[in-house]
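Trainee: For reference, the chains in residue letters:
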Amino acid sequence: MWTLAIELAYWQQTAIKLVVVALVIPTAALILGYVFLMKMMSFMQSRLGPMEAGPYGTLQLLADGVKFLQKEDVFPRRADRYVFALAPVVVLVSTFLLYVVLPMGPDAVVSSLDAGLFFVLAVASLSVIGVLMAGWGSANKYALMGGMRAAGQLIAYELPLVLAAIGVVIQAGTLDLNKIVLAQANGELFGWGGMGFPYILTQFLGFAIFLVAVQAELTQPPFDMPVAESEIVGGYQVEYTGFRFLFFFMGEFGTAFAFAGIASVLFLGGWYVPGLDPASGWFNLIGPFVMFIKIMAVSALIFWFRFTFPRLREDQLQKLAWKVLIPLALLNIVVTGVLKVLV
Amino acid sequence: MGLVESGKMPAPLTKLLNIGRKYSLWVYQWGLACCAIEMGAAFGSPRYDVMRLGVIPFPASPRQADLVVVSGTVTDKMVPSILRLYEQMPDPKYVISMGSCANCGGPYWDSYSVTKGIDQIIPVDVYVPGCPPRPEALLEGIVLLQERIANEDMTARWKGDPIVVG
Amino acid sequence: MRGIGMLKGMGVTGRTMLRTLFPDGLRKPVPAPSRGAHTVQYPHVKEAPVTRARGVIGLHHDNCTVCMLCARECPDWCIYIEGHKELAPPRRPGGKPRQRAKIDRFDIDYALCMYCGICVEPRVRVLRAPHRRPAARRRPAGRLDGDGAALRDLRAGRQRQAAQASRSVPAPSPPEHSPVTVLGALVAQNIAFGVIAAIMVFAAIRLVTTRNVVHAALFLVVVLGGVAALFLLMGAEFVGITQILVYIGAVVVLFLFGIMLTRTRIGDEEGTDHAKRLPAVLAAALVATVTIYAVVTGFGDAELPADTRTTTAEVADSIFSTYIVPFEAVSVLLLAALIGAIVIARRN
Numbered sequence: 527m528w529t530l531a532i533e534l535a536y537w538q539q540t541a542i543k544l545v546v547v548a549l550v551i552p553t554a555a556l557i558l559g560y561v562f563l564m565k566m567m568s569f570m571q572s573r574l575g576p577m578e579a580g581p582y583g584t585l586q587l588l589a590d591g592v593k594f595l596q597k598e599d600v601f602p603r604r605a606d607r608y609v610f611a612l613a614p615v616v617v618l619v620s621t622f623l624l625y626v627v628l629p630m631g632p633d634a635v636v637s638s639l640d641a642g643l644f645f646v647l648a649v650a651s652l653s654v655i656g657v658l659m660a661g662w663g664s665a666n667k668y669a670l671m672g673g674m675r676a677a678g679q680l681i682a683y684e685l686p687l688v689l690a691a692i693g694v695v696i697q698a699g700t701l702d703l704n705k706i707v708l709a710q711a712n713g714e715l716f717g718w719g720g721m722g723f724p725y726i727l728t729q730f731l732g733f734a735i736f737l738v739a740v741q742a743e744l745t746q747p748p749f750d751m752p753v754a755e756s757e758i759v760g761g762y763q764v765e766y767t768g769f770r771f772l773f774f775f776m777g778e779f780g781t782a783f784a785f786a787g788i789a790s791v792l793f794l795g796g797w798y799v800p801g802l803d804p805a806s807g808w809f810n811l812i813g814p815f816v817m818f819i820k821i822m823a824v825s826a827l828i829f830w831f832r833f834t835f836p837r838l839r840e841d842q843l844q845k846l847a848w849k850v851l852i853p854l855a856l857l858n859i860v861v862t863g864v865l866k867v868l869v
Numbered sequence: 130m131g132l133v134e135s136g137k138m139p140a141p142l143t144k145l146l147n148i149g150r151k152y153s154l155w156v157y158q159w160g161l162a163c164c165a166i167e168m169g170a171a172f173g174s175p176r177y178d179v180m181r182l183g184v185i186p187f188p189a190s191p192r193q194a195d196l197v198v199v200s201g202t203v204t205d206k207m208v209p210s211i212l213r214l215y216e217q218m219p220d221p222k223y224v225i226s227m228g229s230c231a232n233c234g235g236p237y238w239d240s241y242s243v244t245k246g247i248d249q250i251i252p253v254d255v256y257v258p259g260c261p262p263r264p265e266a267l268l269e270g271i272v273l274l275q276e277r278i279a280n281e282d283m284t285a286r287w288k289g290d291p292i293v294v295g
Numbered sequence: 047m048r049g050i051g052m053l054k055g056m057g058v059t060g061r062t063m064l065r066t067l068f069p070d071g072l073r074k075p076v077p078a079p080s081r082g083a084h085t086v087q088y089p090h091v092k093e094a095p096v097t098r099a100r101g102v103i104g105l106h107h108d109n110c111t112v113c114m115l116c117a118r119e120c121p122d123w124c125i126y127i128e129g130h131k132e133l134a135p136p137r138r139p140g141g142k143p144r145q146r147a148k149i150d151r152f153d154i155d156y157a158l159c160m161y162c163g164i165c166v167e168p169r170v171r172v173l174r175a176p177h178r179r180p181a182a183r184r185r186p187a188g189r190l191d192g193d194g195a196a197l198r199d200l201r202a203g204r205q206r207q208a209a210q211a212s213r214s215v216p217a218p219s220p221p222e223h224s225p226v227t228v229l230g231a232l233v234a235q236n237i238a239f240g241v242i243a244a245i246m247v248f249a250a251i252r253l254v255t256t257r258n259v260v261h262a263a264l265f266l267v268v269v270l271g272g273v274a275a276l277f278l279l280m281g282a283e284f285v286g287i288t289q290i291l292v293y294i295g296a297v298v299v300l301f302l303f304g305i306m307l308t309r310t311r312i313g314d315e316e317g318t319d320h321a322k323r324l325p326a327v328l329a330a331a332l333v334a335t336v337t338i339y340a341v342v343t344g345f346g347d348a349e350l351p352a353d354t355r356t357t358t359a360e361v362a363d364s365i366f367s368t369y370i371v372p373f374e375a376v377s378v379l380l381l382a383a384l385i386g387a388i389v390i391a392r393r394n
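First to last, the protein sequences are chains A, B and C.
Take any residue in the first sequence, note its place counting from 1, add 526, and you have its number in our numbering.
Take any residue in the second sequence, note its place counting from 1, add 129, and you have its number in our numbering.
Take any residue in the third sequence, note its place counting from 1, add 46, and you have its number in our numbering.
Quick caveat, the hints were computed from the structure, so don't treat them as lab data.
Ideal placement from N, C-alpha and C gives every residue a C-beta, glycine not left out.
Heads up, some of the hints might be wrong.
[Said to hold, decoys possible] List time: in silico BS3-like cross-link candidates among lysine-lysine, alpha-carbon distance up to 27 Å:
1) C:LYS54 with A:LYS845
2) C:LYS74 with C:LYS54
3) A:LYS705 with A:LYS543
4) A:LYS667 with B:LYS206
5) A:LYS866 with A:LYS705
6) A:LYS667 with A:LYS845
7) A:LYS849 with A:LYS866
8) C:LYS54 with A:LYS849
9) B:LYS144 with B:LYS206
[Claimed, not checked] Partial chain B-side listing against chain A, Cβ under 10 Å, derived:
10) LEU145
11) ILE148
12) LYS151
13) PRO175
14) LEU182
Sequences are here, hints too, so could you generate the full structure?
Mentor: Here it is in structure tokens:
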């Protein structure tokens, strides 16, 4: 078996990985923002979206970034300064940590943790702290209400997210994201191993629940009550200007990219493409591209959902989580567990 | 940010910053009367699609806005709110006054309750005439504003004196 | 069924997107959104206005007789006309020279003008020119009078504020999660431990001494995050991550929830201090002594084996084999607490 014969020292690997992750998040935010937020939304509304900044408006978000850096950094007079200033950083850090375990190839992962999926779900819950800090530190009633709504929503939808992923964990028998990919790559479909066994075939219910929960975790329409502009003028983001707002923006789209990546790892087979030996070192090279395509497909689904539906009401949101998604996810776990034992 | 506050900047950097501001005008919509309908047509309808020009009608809060379009009849009672809105926007910020009423009182030029132009309270960058102006007229105003931003010198702007734009 | 309606909705948006992207239909999938979209790209493409469009008002200068009718009819008096009389040569030789009005100035204040066309309608002198560019005017230079001073003051005040903001101290960075994949670098591990421990001790002290309740909760986040980092440092991945998920993600969030729902003041508060400070310190010292004593007598100089990493699988195996009874007991206890909470909440 031929593998890529590059051996680097530990610190070299770490440095490279850190740089890559630090570059990936802004790039991911840019790509998702441009392709989906700008262009896909515009096309769905039969218009063009940004056209002037760069060819077909490709540089629109770069212009946005440059502009945000120039804006005045406003602190409300009664704000809790440190909390206010730190909140976007906390949100962005929780986004960065998501990328630590996201596998882009057999070895192309920052740190292949044993409990990788568990780590993702734990780290995703960190952003709640940042959101609450933002809501409280802004000294603004709308911010506080937005922070509360966000925290309630993130807690409520954390559960279906975890429970939907557990079905996959039961089937793969591991929490390690890379091993989940391998389990799908080595799986067999009715005794035919030609295309592996992406878990979406059995876990389509889990996939649907996972996507809905991700939608809510990202506070995107139709679950955007925490930042509802017509109700609470932007919620916890209401007082943020300039680069601090940019942090929230990047955090949102970086998280969307990361969650789409997790979803494609859990349900779509991750970096594996059918027909190749999953142990081949080539996957370290083509894996990122395969992942990118799958991530874009999942993101397209997420954003398609986002641009189609209007906002729910707050009680409908909670009802959906506790009365529909969680029971369904539990049912999914029970069925998966029973089948796993029986089959 | 202190980036543009201190002294001179090299020309290419100024150019880059200007381009950034030019193509990213997150707009806060201050619709007060009939002009608001035309503004809605310019900002919300696919036919005029202001997002093409980089004018993005997303921000819910003036804290994230770069541009405010005051469109419609400004009454004296509304003035404090407009002033407050303008104060809440972070610098650098731009104002478009849309329609005869916002420009100078328009048909209510002898009314007791109408403010005779919002340039009495906040500095206006571009006036869009008309009663109400067509959406294209607003787009033209935005194009003119972008031309100005592209040639702006931020150091002069940040000296602190009233904005003099020519 | 609600789901079908939702799918239909997504179908509508999806179809619109495809129609915009591929105006020639899916048979010939060439992306041409400029044709597919309804958008008219204004500065590049100009629409021909309809005949009834209310365009910009203009004047046929040759036809004007300075009759002032248009200026008089104008509802907001935006037309300015000045003229003079002059003698024109007689029409026939030998006739009297005719008097004729000549226009010197015709101006419309386009800011005022509503394009209503009342000046146009009864007369033909003034014309509409709908093809003219709907002009937006620039602001004349230096036109800030009177209120300029007030604005200047406000601006200066805000700049001071911004300057203060830029001086604010960067807060302590969040605890680093040391990678545990390589265990050889003991020195690095010790340094990491020292850094994390220092941050934790600082945060713990501030947690007790701060008078701001929310700050206390946030310092608690730092302390608990440090604990998680220490667990990770020792190769106990599962416990470390659980620490983050349970303590930071759930417990402290609930703390913050409670604080924010009950107290909304920002800043220091009276009454967060306690009169029995000394007994509290003594109690803390006692607990610390007992813990340290227990740890030192229990382990002494014993060193951790080089490979202390416990896999999640091992943890799971031991929970579900060796410790199955305590685990189930805890589960039942939690279930009882859950039911109790529901009963209390539904009391009425």
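Trainee: Of the numbered hints stated previously, which ones are contradicted by the structure, given in increasing order?
Mentor: 9
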